[in-house]
Amino acid sequence: MTNARYDVVIVGAGHNGLICAAYLAKAGRKVLVLERNEQVGGAAVTHEFSDGFRVSSCAQWLYQFNPNIRAELKLDQYGYELAAENLSTIALSADSNHLTLSSAELNGASVTESDKKAYQLFIKQMLKFSGILAKASERRIPKLLEANWGDRFALFKLGLEMKLLGKEDMQDLLRIALINIYDVLQENFDNDLLKAALSLDATLGTHMGPRSPNTVFSFLHRRLGEVFGFNGVSVVKGGMSTLSQALANAATANGVEIRTAMPVSRINSTADEVTGVTLANGEVVEASTVVSNADPKTTFKSLLGFQKLETGIIRRVSNIRMQGNVAKLHLALDSLPQFDGLDENQSGQRLIIVSTMDAMERAFNSAKYGEYSAQPVMDISIPTLHDKTLAPEGKHVLSALVQYAPYKLAQDWGSVKEDYAQLLVERIDEFAPGIEEQILSWELLTPVDLEREFHLTGGHWHHGEISLDQIMMTRPFPGATQYAMPLTGLYLCGAGAHPGGGVMGLAGKNSAQEILRSNRSKTNLAGKKENVA
Amino acid sequence: MNKRYDAIVIGAGHNGLTNAAYLAKSGLDVLVLEKNSYIGGATVSRELHQDWLYSNCSYVCSLLRPEITRDLELPRHGLQVVPYGGSVSFCSNGDYFGDYPDHERQYREIARHSIRDANAYERYEADVMKQTRLIRPFLLRTPPDPASLKPRDLKEMKYLMDAFADLGEEGLADTLRFWTMSIADYLNEYFETDVIKAHLAGSGIIGTALGVYSPGTAYVLLHHYMGDVDGTVGAWGFARGGMGAVSDALASSFRSFGGEIRVDSEVEQIIVKGNKAVGVALSSGEEIAANIVVSNLDPKRTFLNIMDEKDLPSDVVSKARNFKIRGSSGKLNIALDGLPTFNGIPKNSPLMQTDMHMLDSLERMERAYDDWKDGTWSADPYVDMLIPSQVDPTMAPPGKHMMTVFVQYAPPQINGRDWTDEDRDAFGKTVIDQIANYSPDFKDLILHCEVRTPREIENEVGLTEGNIFMGELTFDQLLFNRPFPGYAQYRGPISGMYMCSSGTHPGGGVMAAPGANAAREILADLKRPNLVPEAYADD
Amino acid sequence: MRSHDETMMLQTPFHSRVAKACELNQWDEWKGYTTPAAYTEVEQEYFAVRNSTGVFDLSPMTKYRITGADAELYLNKVMTRDVRKLNPDRVGYTIWCNDAGQVMDDGTLFNFGENNYRLCSYTRVMDWLQWSAMGFDVEIIDETADFGALAVQGPTSCAVLKAMGFKGIEKLKPFGISHFPFEDAEVMISRTGFTGDLGYELWVEPPKAITLWDRLFDAGSNLGIRAIGGNALEMVRIEAGFLQAGVDFVPAEETVRIGRSRSPFELGLGWLVDFDKGVFNGRQALLKEKREGSRYAFVFLDVEGNKPAEHSFILKGNKEIGTVTSAAWCPTAKSNIAFAQIESKYANSGENLTAEIYYQTELKWTRLLAKCHVIDSPVFSSPKRRQTPAPDF
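Chains as they are written, first to last, in numbering that gives the first Met the number 0: chain A, 0 to 532; chain B, 0 to 538; chain C, 0 to 392.
If you're looking for bench data, these hints aren't it; they were derived computationally from the structure. Every residue, glycine too, gets a C-beta built ideally from N, C-alpha and C. Be aware that a few hints might be false.
To be verified - Computed cross-link-like contacts, EDC-like style, restricted to lysine to aspartate or glutamate with a CA-CA straight-line distance of at most 20 Å:
# : chain 1 : residue 1 : chain 2 : residue 2
1 : C       : 370       : C       : 355
2 : B       : 129       : C       : 253
3 : C       : 19        : C       : 40
4 : B       : 323       : A       : 186
5 : A       : 307       : C       : 291
6 : B       : 372       : A       : 75
7 : A       : 307       : C       : 40
As the list claims (entries may be wrong) - Covered by chain A, per the in silico footprint, the following chain B stretches (three or more residues, Cβ under 8 Å):
# : stretch
8 : 67-74
9 : 211-220
Extracted from the complex, chain A is given alone in its bound form (with noise of 0.2 Å):
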């Protein structure tokens, strides 16, 4: 049964599949975005999880989010909408002598003047490094061989990027690019609680601890946001659901169609080329183009399936990492926590339980051996303290991730998920006297959930470990690094591809350039933005 023909299916309505969507409608393409679940987003959705609570589901903060997608695809025109922004991030100490930490400074946790000095100097450092990564992440990466002009041009300006840096910073990009983040804090501060804190910003999402080396990578990753434009996480009203009804709306308005509830079964294809989709309920719709937005173990292995594949992809496929140590904790509360040491408004903030960097590394200890941390590493949100809609009035809601809870654990998940959840509450209830009582409900989304829920293989909601092995020409896998992927019409536009990430769009939109440019469009981006503004 075949009834409808479109230029190009996306299979996926996650963020990443709504901005490819809506570049490709606004350069002209018949586009339609399949999405399995009753509404769109993927693992960017807020849900409610107890009457009358609700919650984003995955990431809680949004902090990466691209401002030219923002601005090109008129999101705020569409219903995109921030509670609060500019946040800072607040390390609990048992002995309520927090510190807090923004963008610009520290205060509290008697930090040292020399401390203060080096942070500073510490984070403009990073920024910069950040900042060549920014460069790199908003195009395709280049091949290095194999590379046309578009690519060696590119090449060249990250070259002078790199030279622009100066001497002694790119020497030092050079050395500390590949190394742990353990130690260039012990080199840079004495506070054993900011070396925490920012620790975490290399470890959070990820199969590594403050001491594997790669995690230095990992933190200039996630300080992509404050090359964008973000000092510290943004609460997004409504949850992450706004953002993804918005992103659907932009796409709608420049003529997508996105149909919900509507799971593809099979990616469609002949021996060379993809041809379409079957959807679940056995319809076929026809497309010389069809755009992955699962991440790519779900694309090859469920999607395509193996049998379709060359040996090659598969083991590639295969060896791509992706079992998450993430699980995330939904609190229903009868009335605002108290946290020992913080007023209403710094409960407000992001608030991150971390002890010592030695601590989490023992908490990544267990997470080698299929073991959930006994001190787990927790990255606390209460965003009800922003936007009133997701409670019930006076009620609030407590979001934490939790971290490390690995997918592979030595038992099942199902048997211990009580057990950790009391765990986790007794953790916070050190922190926040009290908070046992003030449980209505509770969820725990371990990464088995996520699985399920989010169809994210792993349950790493990365689509992938960002490491410096899977980063970059490795990601996906090499051969596949510029989005189309080794089978003629397939292309792959999640967090699976360059250049990963969490809520950030630019995977969504880079994959849409390179779509735009192997139709021999002639309508690229940047002429159609001029002509729609």
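Given the coordinates of chain A, assemble chains B and C onto it according to the supplied hints.
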């Protein structure tokens, strides 16, 4: 001050001697100063038990550049390297995995554990060889400074880039992956059997304060694969008479060019005048003048111990402080009354003459590293153990044996405090118990045992923290970053001062390349013809 | 846990008979097995194959059994040829490539029917077969040691088998498979070989191997039967134009240096590539090569004179354009044949080239620039090879 030398080399380790030999060969008047009463540094043979010779630091030979061995006529000066092949890992269930040098025998043995792994090994070998071939030509070259626009640096950068370009687009991506992956992740892409992965992973951690799950350890593996004996890449050998034979041959070669060595002469200070090194002061108070001073000490000792902070640019001092030189290993040298028996293998097995390892899973190896991170030695340690006296009759009396046991992990400090004698003995006991788990008669055969923790290695040999490579082999400290960015071309920060230790490119292992490379730079600065050979062409 | 002894050099199921027959005591190693280089005299062994019957123990050949509901589908993806066209009880010559379209090995594929196949190869490919099996319902077992095999080759080979009592063997078509009861068990016979002449391969479980050998040699005693070693086989296979992995090409995944592997087109095996059958490993790369042209070509060369052009450079004028991979004087065809890898543009039938041959007599080395030219087909191809019913001599 009395006589003024053309050059003084501080430290009679193998790199110091190599460097000195080339300088002397060029006609310079060269003096090597050694603080110990014996030469060799960590490349020594010592009679610490009567009639037994211990290679009590480095213990096997592969990385020693054949170009240098031949050029300095080391065989004529007494060096004989006898290759050995293979290795074995013992399993806790009584089984073992034997890695035979013969390809087919190796295949059959891997296939005994997994047919698929046996076949995958062939692909693994080819893939690792690709990486090895890339790195080998750089061992006898001076790294370029990527931040420099000097013609020579640009030319060397081009040479480097051309080598990478030869890999092809996907090959290049694979190399980037290889250099940034953990050895565990890398091996997981090939093998399914834990003991095989554990066996191969050993080369990824030896001498390194990283675990098998730490990114960057795949490269460390390369460091153990890139040597060769008689052209067989990856092969290892015994120096007849212990590793001291390497130093003795180098010293003899050096002396044949008119060089002078003084032992029991500890340098306290490099004397700097007008931003130029002019000589050294010994701990005895004696001062010796020289036009050039070359330090074979590690970068920390060089810049923080024997140089004055006021003589140095501030960035060098902070870079030296931040230089990572973490002790991670210890060593036991044991005199045995006879040949011990090991679980599963007969005494006439060729595996008896190879490296023996004790851990049979990646997890056990990683847990051994966790202990190090926690500031204590591994309760279930990894060992690389050999009994060279089976091959080398000079090491022990007939029928008796000498065993060398390299142990990982041992931290430079125990829970933040210095090692004590009690710690050392407890560490030794842990290792002996570990070996005895796999060798029932081992304990009864022990006649004498020297236990060396990082403390002993540092105090006796002068390796900071007892780090055998004089600095971690992580990417931030390799190639143009070794020892520090901007100082990777063997020249110190002040005129007339040079570095030639394993703390410089291409790093540790008894390679002699840093010493030779430094000599090439010194001769160039003196506008003398280069005498240091180029690397043999690999095809 | 298997014992230590099993890691020693392996022996084929025929070893006791082979060892007795190997009067010269000249041995080679073949994939870990002890295998004779020559039994008595290489020339006699060679002529046994060409004139009567030669018997070669090919038990060390790597053998995989591939079964399961998707076996055909699976093999069709691994192999470059269309495996669906290989009927039950038939054997097909086949090659397989990696994604880059470079040949990993060649081999023979036996279709036992009902998704039950045997793949025989020179190299080991379990790792590749397993990776390729992801997404398919197949089981792959290494059965190298589970079957002994004898190649019985030459003009009287059918007569020998008839004399052994294998009724109707003469009706077996080339590349056909037939099963015969043997000593309460079974022997499988395929009409296949590596010699370019009439010939069979006999497959048997190890306990029956010695009996098979004895009965075979009894039956052949009046028909000129003789055991042959690797040296004679080498002459025969060059004469018949068969490639050998590791000699005429390097299995793709074993290459370390870029550009050292070869595609099917570059090995003259383009006829084994079927683009009409759908996805297979190497398809995209081979389509590209077909569009853009190949770098190299594999050619048969007829070399003047009688000095084998072993390891020779091939020149066009003074320019080096390739090298010889295998070469031999062919006693039956009375030709001096070489296999060579040359730049593809010179691979035209009749192209005149020069082989730079070095040979020595009494330690005197001679450099010979021998004229040679490209020929279309192997110099030996017996019509008996294709005849059914098979002739008696």
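Hints, one by one, checked against the model:
Distance check on the hinted pair: residue 370 (chain C) and residue 355 (chain C) sit about 9 Å apart at the alpha-carbon level, within 20 Å; holds. Of the supplied pair hints, the one linking residue 129 (chain B) and residue 253 (chain C) holds, its CA atoms being roughly 11 Å apart against a limit of 20 Å. Among the hinted pairs, residue 19 (chain C) with residue 40 (chain C) is consistent with the structure: their alpha-carbon atoms are about 15 Å apart, no more than 20 Å. With a C-alpha separation of about 11 Å, the suggested pair residue 323 (chain B) and residue 186 (chain A) falls inside the 20 Å cut-off, and the hint holds.
For the hint pairing residue 307 (chain A) with residue 291 (chain C), the CA-to-CA distance comes to about 25 Å; that exceeds 20 Å, so the pair is violated. With a CA separation close to 49 Å, the supplied pair residue 372 (chain B) and residue 75 (chain A) exceeds the 20 Å bound. For the hint linking residue 307 (chain A) to residue 40 (chain C), the alpha-carbon distance of about 52 Å lies beyond 20 Å, and the restraint is violated. Requiring three or more residues with a Cβ within less than 8 Å of a Cβ of chain A, the coverage given for the stretch 67-74 of chain B is violated, as only 0 such residues are present.
Coverage of a stretch by a chain is defined here by at least three residues with a beta carbon nearer than 8 Å to that chain's beta carbons; for the stretch 211-220 of chain B and chain A the count is 4, and the condition holds.
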